[in-house]
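Work out the full structure: start from the sequences and follow the hints.
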Amino acid sequence: MSILADKSYKFAIRIVKLSAYLTKEQKEYTLSRQLLRSGTAIGALVAEAQYAQSKADFINKMYISLKEANESRYWIRLLTDCKYLTEPMSKSIFDDVEELIKMLTSSINTTKENLND
-14 MSILADKSYK
-4 FAIRIVKLSA
6 YLTKEQKEYT
16 LSRQLLRSGT
26 AIGALVAEAQ
36 YAQSKADFIN
46 KMYISLKEAN
56 ESRYWIRLLT
66 DCKYLTEPMS
76 KSIFDDVEEL
86 IKMLTSSINT
96 TKENLND
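Going letter by letter, the sequence shown gives residues -14 to 102 in the numbering used here.
It is worth saying that the hints were derived from the structure and are not from the lab.
Here the structure is a predicted model, which is why all the values come from computation and not from measurement.
Built from N, CA and C at the ideal position, the CB exists for glycine as well.
Honestly, I wouldn't trust all of these hints.
[As the list claims (entries may be wrong)] Computed Cβ-Cβ distance ranges for the label pairs, DEER-style:
| # | residue 1 | residue 2 | range |
| --- | --- | --- | --- |
| 1 | 1 | 68 | 16 to 24 Å |
| 2 | 101 | 15 | 42 to 50 Å |
| 3 | -13 | 77 | 21 to 29 Å |
[To be verified] Derived DSS-like pairs (lysine-lysine); straight-line CA-CA distance at most 25 Å:
| # | residue 1 | residue 2 |
| --- | --- | --- |
| 4 | 87 | 40 |
| 5 | -8 | 46 |
| 6 | 40 | 97 |
Here it is, written out as structure tokens:
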């Protein structure tokens, strides 16, 4: 398993637990479902990309994963600004999604460069 696949899987676990907290403790259902969908999709797309049919297919799946990570970042910011997440909770999960965005961007760029070789 790649570092990116491992980190995105662990992020998905955190998102599932965060969603459970938001619904049980904060009684917030709509935004938490949005975050649950986008946050777990990141790792699923990375896993799917590992068996891509071509480099172009790999780039496409990784790019969709990047879009899901960016969307997750949005929901985390919104949940924080609406006071559903404490600052320490927000910072921890926000840092994780930022790291995933950097890793996904790097993977896409490297694959694009290798496509031209």
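Q: Check each numbered hint against the structure and report the violated ones by number, ascending.
A: none
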